[in-house]
Every structure is written in C-alpha cells, then in structure tokens.
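K.L.:
Here is how the chains run, residue by residue.
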Amino acid sequence: MASSFSFLLLLFVFPFAALLLALAVLVRPRPARIPLKGRHLLVSGGSSGIGLAIARRAAAEGARVSILARDRSRLDEARETIRLATGVDASVIAVDVRDAEGVARAIEALDPVDVLICNQGVFVPQELDLQSLDEVRFMVDVNLMGTFHLIKAALPAMKKRARETGIPASIALMSSQAGQVGVYGYTAYSASKFALRGLAEALQHEVVADNIHVTLIFPPDTETPGLAEELKRRPEVTNKIAASTGGMKADEVAQIALNGIKSALFVVPCNFEGAMLCIATAGLSPQPSIFMAFREVLGASLMRLVGLCFQWNWFGVISDTPRRACRAE
Amino acid sequence: MGYLLLLLLLFFVPFLALAAALAFLVRPHPVHVPIKGRHVFITGGSSGIGLALARQAAVEGARVSILARGAARLQEARDGIRLATGVEVATFSADVRDADAVAKALEASGPVDVLVCNHGVFSPQELDKQDLEEVRFMVEVNLMGTFHLIKAALPPMKRNVKATGLPASIAIMSSQAGQVGIYGYTAYSASKFALRGLAEALQHELISDNIRVSMIFPPDTETPGYAEEHRRRPDVTNLIAGSSPGMKADDVAKTALDGIKSSRFIIPCNFEGSMLSIATAGLSPQGSYFTALVEVLFAGSMRFLGLIFQWNWFRIIERWHARMKNS
Chain U
1 MASSFSFLLL LFVFPFAALL LALAVLVRPR PARIPLKGRH LLVSGGSSGI
51 GLAIARRAAA EGARVSILAR DRSRLDEARE TIRLATGVDA SVIAVDVRDA
101 EGVARAIEAL DPVDVLICNQ GVFVPQELDL QSLDEVRFMV DVNLMGTFHL
151 IKAALPAMKK RARETGIPAS IALMSSQAGQ VGVYGYTAYS ASKFALRGLA
201 EALQHEVVAD NIHVTLIFPP DTETPGLAEE LKRRPEVTNK IAASTGGMKA
251 DEVAQIALNG IKSALFVVPC NFEGAMLCIA TAGLSPQPSI FMAFREVLGA
301 SLMRLVGLCF QWNWFGVISD TPRRACRAE
Chain Z
1001 MGYLLLLLLL FFVPFLALAA ALAFLVRPHP VHVPIKGRHV FITGGSSGIG
1051 LALARQAAVE GARVSILARG AARLQEARDG IRLATGVEVA TFSADVRDAD
1101 AVAKALEASG PVDVLVCNHG VFSPQELDKQ DLEEVRFMVE VNLMGTFHLI
1151 KAALPPMKRN VKATGLPASI AIMSSQAGQV GIYGYTAYSA SKFALRGLAE
1201 ALQHELISDN IRVSMIFPPD TETPGYAEEH RRRPDVTNLI AGSSPGMKAD
1251 DVAKTALDGI KSSRFIIPCN FEGSMLSIAT AGLSPQGSYF TALVEVLFAG
1301 SMRFLGLIFQ WNWFRIIERW HARMKNS
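These protein sequence lines are chains U and Z, in that order.
With my numbering, the residue at position 304 of the first sequence is 304, and numbering never jumps.
With my numbering, the residue at position 132 of the second sequence is 1132, and numbering never jumps.
If you are wondering where the hints come from, they were derived from the structure by calculation, not from laboratory data.
Quick reminder that beta carbons are idealized off the backbone N, C-alpha and C, glycines included.
A couple of the hints might just be wrong.
BS3-like mimics (lysine-lysine), calculated; alpha carbons at most 30 Å apart, straight line [what the hints assert, rightly or not]:
| no. | chain 1 | residue 1 | chain 2 | residue 2 |
| --- | --- | --- | --- | --- |
| 1 | Z | K1325 | U | K160 |
| 2 | Z | K1158 | Z | K1248 |
| 3 | Z | K1325 | U | K262 |
| 4 | Z | K1129 | U | K152 |
Derived CB-CB ranges, DEER-like [what the hints assert, rightly or not]:
| no. | chain 1 | residue 1 | chain 2 | residue 2 | range |
| --- | --- | --- | --- | --- | --- |
| 5 | U | A18 | Z | P1014 | 18 to 28 Å |
| 6 | U | E229 | Z | E1107 | 45 to 55 Å |
| 7 | U | E135 | Z | R1082 | 37 to 47 Å |
| 8 | Z | E1107 | U | L227 | 13 to 23 Å |
| 9 | U | S4 | Z | L1009 | 43 to 53 Å |
Residues of chain U placed beyond 10 Å of chain Z at every Cβ, according to the derived structure [claimed, not checked]:
| no. | residue |
| --- | --- |
| 10 | S3 |
| 11 | D96 |
| 12 | R161 |
Whenever a hint applies, use it, and build me the whole structure from the sequences.
P.N.:
So this is what it looks like as structure tokens:
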C-alpha cells in the first residue's frame, strides 16, 4: 500500500523534477551576481521618484552614486537628501537625455559606469486622436531615444572596465506594466516602453560576451511626482483599467529593482500582479533564473487565460464608459 | 468499461469547459472588414510587401493608394499594377517622417477605410558600432512615421465608418523581430516592439468607433529591402536568423490581407510565425476563440521551446566569440 503510494508520488513529482533539471541546463544568460559596493552606479531621472529612491538605497549599500536629470536645483536637493540619509556624496549631472552629444560628453567625463540605470521617463496619457504629436514625440524621445543615448555613451567604458576587473556590469532599463500591455490612453507611452524590451532582448545578445547583464524593471503605478503629474491628465477609462493592479511606493520599487539588478535578472516584476504579468508576457525573452523559468513554463497557460479575462473585462469597461466629446475637427 | 468512460469524461470536461469559457471571453468579437470598393492606403507601397499588397487589393476590387518617398518608383509601381491588373492606383509621394507631408497626402487621397502602415527601414548592427543617426532613422520612420499616418487618417476614417456603417481597419506591418529581439537588432526591434504597444492601446481606443487594428508579423521576406539589409548584417545575426529569406512578398501580402479582412489582431505569416505568436501572445486581445484555445493550451510548451531557442542562440554567440578570439 505504502509502496504503491510512494510510486504514484514519484510518478507525479518526476516530470516536475525533469523540467527543473532541463531548465537548469538551458537557462541563459548564465546566472550571475552584480555587486554594488564600491562600484559606480549612474541613475537617470535620479532627482525624484523611483530614481532618487534607487540612488539613496544604492548609496546606503556602499555604491558610488551619480544622478542624472534635467533640473540643476532638483538635482542639488536630491544630493542633499542622499547625503542626509546616507552620508554619501552623490555626483550630479544636469543634462537632457534627448541631447545625445550632451549625454555623451557628461558620461565620458565621469568614471566608467558599472551599473547604468536608465530610469528617466515621461508619461502623458491620452487618446491618440486627441493627443498632440508633440507629446507623442516627447515620450518617444525621452523614454526611448534618451535610453539609446545613455547606453551608447556608457558602453565603451563599461565594457573596458568589466574586462579589466572581471566583475559583471549591468544595464538596467526602467519599463512599466504599460510596457507589458498597452491599454486605453497609452498609445505613445506603451510604444516607448514596449520598445525598451526589444532593445533589451537584442542588447543582451550583444553584450553577454562582455560580461554585461541587461535588466528590465516593470513597476505598476508608483507614488511619485511623475505619477501625480500623469493622473491629472488620465482619461476616465484608463483610470478604471489601471485600477486592475495595485499601486506601490517608490522606495519599495527601488528595493525590488536593486535586488533584481544584483541578481542579474532579465525581467523584474515588482508586485504579485506584476509577477503574473511577467509570466504572461515572457514571450521569447532570455531567462537567467531557473526558478522564474520554472514558473513561466508551468504558469504560461493559466496566465494566458487570465490575460484573456482581463481583456474581456477591459473591453467591457470601454463599452460601458461614455466617451467624452471629441474636439471639433 | 465504466472506468474508461469516467477517464474520457475527466479529460474532456475541463477541455470543453475551457473552450466554452473562451467562446464567451474573447474580445473584440471578430468582424469582416470588406475591401472591395473601399479605399485601401498602403505606405511603402512602391516595392516589396507593400507593392504586393497593393496589387492584390487592386485585384480584389479595392480603390488603392500607395505612398512612398520616391516619385520614380511610385510611377513604376503604378505602371506595374496597371499592366498586371488593369487597375489604376493613386500615388502619393511623401516621407513618413514629415507629419505635415503625411497629413497633406492623406487629405489629398480622401478618407481611408483600410490604412496599411507597411513602410519600414532596417539596418542591423551591434549597438556599440551603430551610429545614433541610424538608430534615430529607424525609430523616426518605423515608429513616428506610423504615428503620423494614424493621426492624419483617423478623423476622416471615423466619419466614414459612421456614414457607411462598415468597419474600418488600421493594419501595422511589424516583423518577427517585433516579437523577439536578437543580436544586431536593438534599434529595429525597439521600433517594431513599440508598434505592438501602440496597437494594443489603439485597439482599446478605437473599438467603439468600429475600427479594427491588425498587426502582421512576417519573417525575412524576399524584397529589395531585405537585400539591402542582408548586406549589412553582422555574422552572428546571420547565424541566428538564417541567411535566406523565409517567404515571398506575395505570400506575405495574401496572408496579411486575409488577416485584415478577418479583423485579426495578430497575423502570423507561416508556421514558425504561428508558434512565435503563441509564445508572445502576452496580454494582447484575441478575437478568435479557436486561436485563443490554441494559445492557452500551448503557452507553456511554447515558453519551454522559446527557452531552448535562447539557449541555442547564446551558444552560437559564445562560440562565435571564442572563434574570434582564437583567430
């Protein structure tokens, strides 16, 4: 009786064990750890919100921190905040990420960057037919082109340094749950954030041999000055849809982001819904974590079903919400 | 005998329950988008997939307009279609990066019923070697160009839909590089991935206006564009993506048109593309309950397959670097 029961148990456990074993062999890039202590971490959009929280935490962990943003006075305030909280003196760089040459000059003047966190972002939600092309361009230029500028500028020295020290480096991109699914009001923002994933997947292929790991972070709505700005403009439908996932505090997101970067994960979800979203949208992304790969393979089918339920719900919300009058054409 | 029946029931009941649930859940409900007698506007329409689309749409009785940069190639295209089908297509010369020129062209062409944003440029190269100018070029043309077209076409498209009661369509030509980013494609994949975010959000915004969004994901296709790209490709990209085009432009065009007429959100073009589409279904809407069933049933195995592909690709990259170091 006991032996047939244990046989059945083995039969049940065996496929899971086999899968785990297969994944242990398959996962790429190979898992790594990215140390922060004593290394140079540069975070763009670092004078407020998630960026500032990341800078503060990294400084507390012993990293040499540089923060990059447009506004000089906000940067100085941020530097004060970091010094008061951690005693660490962060370097500040005032430059607009849209200015490729300015970014190149600024980064070349710094020490080589070991951990580059492209966290800058602007978001103006609106129906595309009502939104000005200038705003669309603004989001694409800052969120996407700005990231290209930062990576191009930091890469050469980062590669050299990784080679010399033998310690892995990291390029982390702050995406968003809007970079995993496009919803009403987010044509431009989702476009710019989806783009970061294509960039990241290809970039990881290109820099793996240089011992550089690419990380994408996917926070939900996070309590930041940026969100406060965004909420003023959000269409009603977008609010209803976005309520599907909980909000978070900047410091929580920062902690999760840094942990993900240190573990050299490719995708970093920030809460439970985010983890489900990551499984649903795993696509063909690389996955260095055996555990996450295991969850992805086992959870993919259920997550697709859940995703379809969400879309069913969202299309219902859209058809139930009266559309405000379009402006005269 | 009874046990067999029980087993059969145990297996089929959840399957049927799933199928029934999906039949209820799938959104948006599929519609038929007719093209006969309607205005089909195709960008990048003077060559490659765009030209094939224009020709096939003309044969099906659509009123076709093609937009491209070069006037000479537009002429050739128009003559070619006239010779092949007897149909006269309208031509418009504009650079999609120029929002004003695009607006003027769409105004001159009149309201569009089926907008096919098919234009695209691709220069594969490692990001650390590539000029930012080229990166910007791909983003401007592939992404901003599409925004310009949609913005300009939308108001008259909506009016036409209201007036005729027939659904309209905005079709966006993506690429398998818009489903997975690989070595050499940072900028191109960025621009194509972006189109998906755009499309998912856009479908939400336009569903109440009876406008359907479609995305087409061709593999490497035999076109002048591909020939151009192929010369520049890094070795590693060739090792990963294969060095020959997967499909002919006409076949891609046929699949695209069929998908547009069926208002499908995701349109793969071949078998590998279908598997890739299942693997990358993400949270995209899915109007076909049968495809949804396939997606749900095979999601896990497709993810596993995808991980095998990545394992292979990283091996290829590793080996190539080892060879380079030795030589």
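K.L.:
If a hint holds in the structure, say so; if it doesn't, say that too.
P.N.:
Do the hints match the structure? See the list:
no., hint, verdict
1, Z:K1325 / U:K160, "16 Å, holds"
2, Z:K1158 / Z:K1248, "34 Å, violated"
3, Z:K1325 / U:K262, "29 Å, holds"
4, Z:K1129 / U:K152, "9 Å, holds"
5, U:A18 / Z:P1014: 18 to 28 Å, "23 Å, holds"
6, U:E229 / Z:E1107: 45 to 55 Å, "34 Å, violated"
7, U:E135 / Z:R1082: 37 to 47 Å, "42 Å, holds"
8, Z:E1107 / U:L227: 13 to 23 Å, "38 Å, violated"
9, U:S4 / Z:L1009: 43 to 53 Å, "24 Å, violated"
10, S3, "23 Å, holds"
11, D96, "15 Å, holds"
12, R161, "14 Å, holds"
Checked against the numbered hints above, the structure violates hints 2, 6, 8 and 9; every other hint is satisfied.
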